[in-house]
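Asks: Listed in order, the protein sequences are those of chains U and Z. Take any residue in the first sequence, count from 1 to its spot, add 1: that is its number in the working numbering. Take any residue in the second sequence, count from 1 to its spot, add 69: that is its number in the working numbering.
Rather than coming from a laboratory, the hints here were simulated on the basis of the structure. There's no promise every hint is true.
No more than 30 Å apart at the CA atoms, straight line, and that leaves these computed lysine-lysine pairs for BS3-like [to be verified]:
1. K93(Z) - K378(U)
2. K330(U) - K393(U)
3. K415(U) - K437(U)
4. K179(Z) - K135(Z)
5. K251(Z) - K174(U)
6. K251(Z) - K135(Z)
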Amino acid sequence: MNHEIQTETFVENYRRALVNAQLQRALSNATAKFTIGRRLAVMSVGEDWEILRARAREIKEHAGNNLDYYLDQFTTNVERLGGRVFWARDSAEANNYIASLARERGATLAVKSKSMMTEEIELNRALARAGVEAVETDLGEYIIQLADERPSHIIAPAIHKTRGDVADLFTEKLNFERTEEIERMTALARRVLRERFARADMGVTGANFAIAETGTIVLVENEGNIRMTTSLPRMHVALMGIEKVIPRLEDLAVFLRLLPRSASGQQMSAYVSFLTGVKRAATEEGPDELHVVILDNGRVDMLANEHLRESLYCIRCGACLNVCPVYQKIGGHAYGWIYPGPIGSVLTPQLLGRERAANLPFASSLCGACREACPVKINIPDMLLRLRYEIKEGDEADSQRHNDKPIERWLFAKIKNRFAKSAERAAFKLWAATMKTPARFERAARLARLAAQAFDNRLPFARWTATRDLPPLAARSFREEWASRENKKS
Amino acid sequence: MADKQETLARIRAALGRDKTIAPKPLASFTPRAVNATDEELTSRFCLELERVSARVTRISSADEIKNYLKSLLPKDAPATVAVSDSRALIDAGLREWLAERGANILPTLKEFASSQSPRVNGNNGAELMESYKRELVQASIGVTSADYGIADTGTLVLVSGSEQHRLISLVPPVHVCLLDSKRIVATLHDLITRARAEHYSNRAPQAMTFITGPSRTADIELTLTLGVHGPRELHVLLHSHVQ
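Isolated chain U, as found in the complex:
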């Protein structure tokens, strides 16, 4: 396993996943547990759940439509309270800023909490190149880091690992006597990471929400590692995408009811921290430096695309993964990058480029379970359709531009395209003609029955039919049956 982006080998990835028995067991166990937990938590809210979802949606739409205003308000407040704000257009700018900050302050060890944003920009690698060791402190992320892998679920990064795997890993990497007891392994990680917390010069986190009116960063967790990361080292660096800002504190009364229930089925996560500014006296707790790094990294383009703007409303709860029939079978790694599942199939093509993740929007049955589960009512199936359209249009535009393709390949693509188009048109003409009169329809249906018998119910279009069963056609049509019964009566 390595960290190269593997979205282009999606087909090979999922084929491997489907025959991995251990992964299949882990996935069915995890997604079932999460789904049931979420159901119960939603039920406990009762009919207010739908009101909360609608309100969350409304807030995110309002914040998105006025993002320039709220980002300005948020960052002005952060700076007023002693924090520094850095605006980064892409991962390189963000990484360089954080790495040079570490270098300037002589930091050699950074502790990190789980943050999809830092995964997105591969901060750990950038820090390593700058001579700074970055240690993941969320237990799941720590396991993944020791194994040198990628997380396979947004909120449970190591669900693909068994306790035996973790025991092997801890024995090998941490030099401890092997145990498979989960309590003892957890205690072990606590001991090792405590020492890192005590030594670290820099704490790096993401941000679940950024409150414009107060300049507050809100972080949600269960383990306490985020609280450690933000209160022990003398520097706190928080990374956030431009879309994390919401207008008011009162908006949290909505999001903090939706997020834990959707993510882990909890009424409330064990810890929620509201962090505002830096300490004002040496005898106060908390870091004396706060750096808020605000990243675009492709998000302004999402904002500009009206069909896809709502991808920015995601609060990273992972509920859509657990209910997705595709994710349930192929797991997170098959998606080839850091955002798996339905929301990953929407985000990845936009963040990496549609041509690099062209398979992902097609890996969905469009059943709509993700849309039902989403606490912000994101219409994921519609966006998948839109991306399919954009990807196909892009292919065509490509073959028309033929910039880097040899002329014969370009010609072949063009002819194939032309042929496919006229074949499609002819098929629809034939369909229209057939459906026009009952007599034609009758004749066509009879022909179809004969053909189905001849091909033993398997049509010769292998790519489509290899994985689909054709419903057997009745020997007599309904009309024929009806007519013969009428005849008998009379």
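Take the given structure of chain U and dock chain Z to it, following the hints.
Replies: Leaving out everything else, chain Z in the frame of chain U:
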């Protein structure tokens, strides 16, 4: 390289306008009000806390706090206890009592600073914090008091302006938290409305912390394990105006 003006300009372009305009805020959202007596709120709070593996005890006097703490202190060796500087704990005379029993009381940062040399205190407090951290990891119990409770979820809310709570409620393996039952509100919405009015209208506190049960993880095989980074035990002592 990106900067604020450049980024905001690109965002405006994406939204199809060339000037930032202050939006009309969304109308405030008022969820259904909860009609519950104080006693009902307190019972709900206790029930929810027990659901998340916290222990909750109702007490009616300062002596009961002491008795409860006594049951937590190790019998054989003197313990190190970190006690926050909250008004309620000072009034209960907890520190004096603990000291009499031979416990080693960890002072707050402020007290700690006055006992250290100017060298430690200089350098913007960096060394002070380092020495304080080394002391704090020795503590086996942390005692704080909460500013609010949320009945709906069994959540304790601690605000940094009122006491030094961040490390004391996090680093020691056992956290004991005192709460006045009159400060229990029904819902998260009530809490945010109240905390906003009482703490965020002027200068926002640097930290407001929600605590709902002990530290927990399910990262190995989704098996619940308590005390991964923070406390393994959370004890809540509920009182109404202890004298």
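Asks: Would the pair K179(Z) and K135(Z) pass a check requiring their Cα atoms to be no farther apart than 30 Å?
Replies: holds (24 Å)
Asks: Is the hinted pair K251(Z) and K135(Z) satisfied, with a Cα-Cα distance of at most 30 Å?
Replies: Distance ~21 Å between K251(Z) and K135(Z) Cα, so the pair holds.
Asks: Given the hinted pair K251(Z) and K174(U), is their Cα-Cα distance within 30 Å?
Replies: Cα-Cα ~51 Å, so violated.
Asks: With a cut-off of 30 Å on the C-alpha distance, tell me whether K415(U) and K437(U) pass.
Replies: Distance ~33 Å between K415(U) and K437(U) Cα, so the pair is violated.
Asks: Does the alpha-carbon distance linking K93(Z) and K378(U) stay inside the 30 Å limit?
Replies: holds (23 Å)
Asks: What's the verdict on K330(U) and K393(U), does the C-alpha distance respect the 30 Å limit or exceed it?
Replies: holds (26 Å)
Hints 3, 5 from the earlier list are contradicted by this structure; the remaining hints agree with it.
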